[in-house]
Amino acid sequence: MLSVKNLHAGIEEKDILKGINLEMKAGEVHAIMGPNGSGKSTLASVIAGKEEYEVSNGDIDLNGESLLEMDPEERAHEGVFLSFQYPVEIPGVSVTNFIKTAINETRKAKGLEDMPASEMLKKIKEKAELLEMDRKFLSRSLNVGFSGGEKKRNEIFQMAMLEPKLAILDETDSGLDIDALRIVANGVNKLKSEDNAVLVITHYQRLLDYIVPDFVHVLMNGKIVRSGGKELALELEEKGYDWLKEEVGA
Amino acid sequence: MSLKDKLVSNHIVLQESIDADSPIYGIRNEAIKTFEAEGFPTKKLENWKYTSLNSILKEDYNIFPSKEAALDFKDVKQYFLNDLDTYKIVFVDGVYSSYLSETTHDGIDVCTMGAALTKPKYKQVIDVYFNKIAKGESMDALNTAYAKDGAYIYIPKGKVAQKPIQIVHFSTGANDAMMLQPRNLIVAEENSEVQIIERHQSLSDKKVLTNVVTEIFADKRALVDYYKIQNDKLDASLIDTTEIEQHKESIVSVHTFSLGGNITRNNLNFYQKGEYMDSILKGVTIIEGKQHVDHNTLVHHITPNCESHQDYKGIFAEKSTGVFNGKVVVEKEAQKTNAYQSNNNILLDDTATINSKPQLEIFADDVRCSHGCTIGQLDESALFYLQSRGIGEKEGRALLMYAFANTVLSSVKIPQLKTRITKLIAKKIGVNIGFDQ
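Protein chains in written order, with the numbering used here: chain R, 1 to 250; chain Y, 1001 to 1437.
Keep in mind that the hints were calculated from the coordinates and are not lab data.
As the structure is a computational prediction, the values presented were derived from the model and not from experiment.
Incorrect hints may have been included.
Claimed, not checked - Simulated restraints, written as ranges between beta carbons of each label pair: (1) R:140 - Y:1107: 36 to 44 Å; (2) Y:1368 - R:193: 49 to 57 Å; (3) R:27 - Y:1289: 49 to 57 Å; (4) Y:1411 - R:26: 47 to 55 Å.
Unchecked claim - Far from chain R, some chain Y residues (derived; all Cβ distances over 10 Å): (5) 1025; (6) 1068; (7) 1095; (8) 1273; (9) 1278; (10) 1379; (11) 1389.
Heads up, the beta-carbon is just placed ideally off N, CA and C, and yes, glycines get one too.
Here chain R stands alone, though its shape is the one from the complex (with noise of 0.2 Å):
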């Protein structure tokens, strides 16, 4: 599904990731971890084609195309999404009306008609109550005034929506309640199949307990420095991320 190949980027003139290798395949869920700064939420953007970020070396494939040359709607409609740490306000567009336009954005790439009205919003119901959203707030402005939950839930509503292949949660435990916490890993877990793969990024096990993954990966300093099981992210949050360090060195 996802290959990372000594990937190198960074902004400007700093390096923030210094070789990343990572292999993902249909059906697994891996969760990065690491301390603040260590190039999380940068590897997330990067995959995602976030302008501002500079590949200097390395490679992204996506089911065996790079994704490297793409512009981030491209990379979205191969199937990539991200949910974001901290969901873009946008006032004056509607949550439906943001969906909608971008589902049909997508088929419209694929050369597929609009979705019929019916169908779509069949399609936003059945979503929004998987992800226990009030009707209402579909027709509030995107971001606009939510909490940190709603924003998470949102995010999470529009992963439904479009069925990635691909889905990175940057940080989506940030800012949530034990409740907010439940229903989005109840979503994500709803959504998982064997077709697609799920990137869980974050700084705390804690969502670890609801969204279990295959694979553990700790980013320091821009690399991967120890891969494992989902014990190694027990290990972490029992003894945190300094004896680590100093065992790589890092």
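We have chain R already, so just place chain Y on it with the hints.
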């Protein structure tokens, strides 16, 4: 001969066509004297600092239409709102077109100023209201001096206009370059309601200069919604002055959508004379090329416990220029005033210009007034967010521009008009995607 000289010397021709005993005769004579003394406004005047009329005053405009131009409805249908039932007051090259109009005298009067200024049955209303607040600067005086026709709308006490009223002025080019000076009077008595849509539309590439003046009186508890669609051709310029007097508990809103034309100047002045009123001024400007749009607004809070809400959004591309000069005056007696003013602008190119000058003059001590002005570019992080959801860059930019303008559209009360404006904006931005209406 300069345009000013031409207008002054030809005034006698206009006066000869009416009875010297009629009240309008004297009013017009006074007005031409004022205009002769003041002349056209220049950039030396504080309120005209950023708008020069020089380029459009050089033209040799025809000031009296000599050729009558007939229009087929099907050729101009696109300029009307057709999906709702409306009254229509339509002028072609300044001359009333009964064929294209739909007027009424059934409980309310929706007809022409030409009739109102000359027929005895309207004399009482004209005496009380005509030219009572339009005493501003020289362009007002010039319009008054040439006041001959336009829309006359009289909604008596307690009446509700059952349909919106469309006022449309066409210029055909049959009379070459033309200067038009329509004069509108809207009187909404106590507890009355009316919705009006005004449009000026050139149908040729001949130069047009329109100097229109509209006086609106809203008596106690009257509700008046006025919408201006300014989407004219590049050879058409517009100086639009709207003077509004409001009384107790009335609510008047004016929305101005400036999407086209050469030079467009809007003077919008509200005078509040009573308590518990609301004045609403909203505008969307989206222009490019060398287009110029100037919004010059005044809200004069004279009495206590009133509100005003101003929200102007502008998007400027290429070498276009915009001006927002908004003044709020709160007199000493106008305690408990709530006045909001906001002007937000996006410059799409380095060559575009906006001059924004919000002004507050507050003489009362217990008031809540806020004003804010922003000038910026489209938010790149918002654009990335949209792109990451599969929305292309061009469509994403369009969606952000639409979203930016949308706060102004949300208060448009006629759904069909809102749809029309949405479409005009989408077309203007150059993309048509599934916008909410």
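Quiz prompt | Hint check against the structure, violated hint numbers in rising order | solution = 10 and 11
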